[in-house]
Every structure is written in C-alpha cells, then in structure tokens.
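A.B. asks: To convert, take the position in the sequence shown, counting from 1, and add 688; that gives our numbering.
Don't read these hints as lab results, they were simulated from the structure.
Relax, there's no trap hidden among the hints.
Simulated restraints, written as ranges between beta carbons of each label pair:
#: 1; residue 1: Asn697; residue 2: Lys742; range: 21 to 31 Å
#: 2; residue 1: Gln728; residue 2: Ala767; range: 54 to 64 Å
#: 3; residue 1: Glu713; residue 2: Thr734; range: 17 to 27 Å
#: 4; residue 1: Glu713; residue 2: Ala767; range: 41 to 51 Å
Quick caveat: nothing in here was measured; it's all calculated off a predicted structure.
Virtual Cβ for every residue (Gly too), placed ideally from N, Cα, C.
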Amino acid sequence: MPTTYKRKNEERAKWSAGSLRNAIECVQNLTLGVNEAARQFGIPKTTLKDRIKKGDAIKQHRLGPSSALEEDAEPKFHATHKKIANIWICTRSRVRQNMGFSTCRKIKTEAHVK
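Could you build all of it, start to finish, from the sequences and the hints given here?
C.D. replies: What follows is the structure in structure tokens.
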C-alpha cells in the first residue's frame with residue numbers, strides 16, 4: 689500500500705502580492721532595509737531579495753503568445769473575416785478557423801483565433 693505524502697509545514701507563502709509590492713517599494717525608496725521590510729511585511733528575506741534582484745516581481749506573467757492582434761492588423765483581419773462570412777456561410781467552423789489563421793499569416797501577425 690503506497691504511503692501518502694503530507695507536507696510538514698502547511699503554512700507556505702502566506703504573504704500576499706500586495707505586501708510584496710509594498711515591501712519592494714519601501715526598499716527601493718530607501719525607507720526600509722531589506723531585512724526590516726521582510727520582518728515588517730511578513731515575507732522571507734531571501735524571497736524579497738530575489739524578487740528585488742530579478743526586477744520583475746510585480747509584473748503579471750502569462751503563458752503563451754498574446755491573444756490580441758496588433759492595432760494596424762486588426763482592421764485587415766476583420767475585413768477579411770467579413771468577406772469569408774459572406775461567401776462561405778455554409779462552411780464548417782474548422783475551415784473558417786483555418787482561413788482566419790492563413791489571414792493572420794498573410795498580414796504577418798500571430799494570433800490565437802477561436
């Protein structure tokens with residue numbers, strides 16, 4: 689019978705993104721040192737040091753490519769999409785999707801089209 693793993697320390701990463709943001713701002717504004725800010729905001733000092741060193745602690749990360757077209761490419765895509773809709777009303781959705789992808793390739797823009 690396999691054993692079930694139970695983490696020894698259940699309290700992991702109890703600090704919030706807001707407290708991390710506030711701690712980084714205090715350190716960058718030189719109002720607090722790294723150790724004092726870590727104690728005051730309840731963040732491990734190594735975590736705070738690493739996030740300050742990376743410089744991307746506050747940025748939101750997304751997986752994959754952007755799902756939006758560029759501003760100059762969007763009108764071209766919509767115009768072509770309207771043509772396809774008027775001509776190919778009876779086509780299947782997969783065919784229309786492939787036409788949308790080929791249009792994006794023609795205007796040299798990668799986008800996720802549903």
